[in-house]
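Q: Line order of the protein sequences matches chains A and B. Taking the working numbering, the leading residue of the first sequence gets 1, the next gets one more, and so forth. Taking the working numbering, the leading residue of the second sequence gets 1001, the next gets one more, and so forth.
A few of these clues could be false.
[Stated by the list, open to error] Pairs of lysine to any residue residues, derived as SDA-like cross-links and limited to a Cα-Cα distance of at most 20 Å, are as follows:
1. A:LYS300 / B:THR1094
2. B:LYS1007 / B:HIS1017
3. A:LYS300 / B:GLY1135
4. A:LYS55 / A:GLN129
5. B:LYS1109 / A:THR173
6. B:LYS1109 / A:ARG174
7. A:LYS300 / B:THR1131
8. B:LYS1109 / A:LEU175
9. B:LYS1109 / A:SER172
10. A:LYS300 / B:SER1138
11. B:LYS1007 / B:LYS1020
12. A:LYS300 / B:GLY1088
13. A:LYS300 / A:TYR29
14. B:LYS1007 / B:SER1057
15. A:LYS300 / B:THR1136
16. B:LYS1007 / B:ILE1214
17. B:LYS1109 / A:GLY176
18. A:LYS300 / B:LEU1093
19. A:LYS300 / B:GLN1132
These aren't lab readings, by the way, just hints derived from the structure by calculation.
Spelled out, the chains give:
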Amino acid sequence: MAKLLQTLFDGVAVGSLYALIALGYTMVYGILQFINFAHSDIFMTGAWIAFVIAKAAGWAGGDTPIWASLVTLLGSMIFCGLLGFVIERLAYRPLRGAPRLNVLITAIGVSLFLENTGQLEVLFGTQPQRMPTLLSSEPLFRIGGVGLPLVDVVVVLVAVGLMLLLQWLVFSTRLGRAMRAVSFSIPVASLMGVNVDRVVSFTFVVGSALAAAAGFLYAMKYPGLNQPAHSTWILLGLKCFVAAVVGGIGNVRGAMLGGLLIGCVEMFGAAYLSTSLRDVYVFSILILVLLFKPTGLLGKATVEKV
Amino acid sequence: MALLTVKQLDVHYGAIHALKGLSLTVEAGQIVTLIGSNGAGKTTTLKTISSLLRPTSGDILFDGQSIVGRPTHELVRLGIAHAPEGRGIFANLTVDENLEMGAYVRRDKVGIAADRERALTLFPRLRERLTQSAGTLSGGEQQMLAIGRALLARPRLLLLDEPSLGLAPQVVRTIFDIIRDINASGTTILLVEQNAHMALGVAHFGYVLEVGQIVMADRAETLAKSDEVRKAYLGVG
Ligand SMILES: Nc1ncnc2c1ncn2[C@@H]1O[C@H](COP(=O)(O)OP(=O)(O)OP(=O)(O)O)[C@@H](O)[C@H]1O
Ligand SMILES: [Mg+2]
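Could you put together the complete structure from these sequences and hints?
A: As structure tokens, this is what we get:
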């Protein structure tokens, strides 16, 4: 029973992180129909910026005030939001309307650029680092014999809070309506008076800020930060992309569902079957979903725009 | 005064020369129709006016000022609404959200509510389906939504691209009645149609387009009586 609960908590915590990152993939795909391969690097940058902020401020240890976490989180989100804005502006916007392969190759280029500049000594360097402890990992309270540390509670609350905020933004605001209109048709949206460039910029800013939030939360939960070009970052990004596809790429609610599903499957597989095969479960889910519902769990059957 | 003046417009799609020195004028308060067979360049003309396409040469004046090269979304603010060919409703939005998109550039809540009410009175069918996803509407209902949505922009110039396409004769008559109503309330309309009979019936002035060039221009009644138009577009003779 205790193991079941513990696994469920872990699955939800990791799953909400995946969902936050999956949202960025799915929003960009929904609007521009391209896979932003550099998105996992924004996540990596978010985690490292959080490290830089906490280190520079000298925060560490269990008695760090809670606002220190908030400052770190917001700092990282703002930095990556700006980074996303600049990347879209400089790398992707000039290619609007170019063949998709060109955009894809550019995205891979951006990804390599971020990984390599990240390794510069003035930035994050080539060595792994330990994220200072900002949130206590002492159990906050116990349910069914399982201790729930503050870190896990914060991870889930922040992730869920951000997802609710995004849900509200996309489905209940004028800007969100414009985003959905642009994702259906750029020319028709512009005929309604929508400034499409601005909506696209906004989408990149929001997606990148969410990835940064995920990066901060990830660094809180798993403080051993791998160096910027390490393969764990890419693998994590890939899992989140899988989450977006499983949920139905282009679908905001699908990305949330896909993230939670992938997180839970991975954690339950690791706890009850074999730890070494955890990545296998994730990709098995992908294959299963693609076999039985190629458009993803919440995706609608659409005609592929070639 | 002319609300819209198109001067010597040339438009290319790569090597295809789609519009060849096209000129036309739309007087304020009128319905002007542009008729012509498939591939004549009617849609191209409307797309160029609303800046979805860029002309290779020529000029377009709206209210006396050149609008060539200005982005599409700015033209909406100037007062040009374009209900595109094939309707172009947002299938992933509800009917109501589609109407709200029509009023995207407006901030006057009261005016928007009044225009929404007017659109729903013109098309009662839409009122019953406000919360329904627009993709589930029938073809005719989608056309009504496209026109209703364009009205919510409260345009000074309304560009309509084949509003009768694929509709039952009864619905076509309703749509044309509504076009006349919209015009009577002060909106200038540039109407592209293949249904020359209906179009010339509501319009004040007409242009006949053939492979990218205006071949005839006259008062709509005169065009409807001319032998060439009767033979080529009205299936008479
Ligand atoms: N995207 C495009 N690329 C290449 N050629 C095009 C494109 N769009 C239109 N054309 C060509 O330009 C010409 C004019 O097309 P347009 O769509 O303006 O015709 P239309 O008068 O609206 O016809 P219809 O009544 O069938 O809608 C046609 O010969 C068409 O093949
Ligand atoms: Mg056409």
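Q: Hint by hint, note whether the structure agrees.
A: Hint check:
no.	hint	in the structure
1	A:LYS300 / B:THR1094	holds, 15 Å
2	B:LYS1007 / B:HIS1017	holds, 16 Å
3	A:LYS300 / B:GLY1135	holds, 12 Å
4	A:LYS55 / A:GLN129	holds, 11 Å
5	B:LYS1109 / A:THR173	holds, 15 Å
6	B:LYS1109 / A:ARG174	holds, 13 Å
7	A:LYS300 / B:THR1131	holds, 19 Å
8	B:LYS1109 / A:LEU175	holds, 17 Å
9	B:LYS1109 / A:SER172	holds, 17 Å
10	A:LYS300 / B:SER1138	holds, 19 Å
11	B:LYS1007 / B:LYS1020	holds, 11 Å
12	A:LYS300 / B:GLY1088	holds, 19 Å
13	A:LYS300 / A:TYR29	holds, 14 Å
14	B:LYS1007 / B:SER1057	holds, 9 Å
15	A:LYS300 / B:THR1136	holds, 13 Å
16	B:LYS1007 / B:ILE1214	holds, 12 Å
17	B:LYS1109 / A:GLY176	holds, 19 Å
18	A:LYS300 / B:LEU1093	holds, 13 Å
19	A:LYS300 / B:GLN1132	holds, 16 Å
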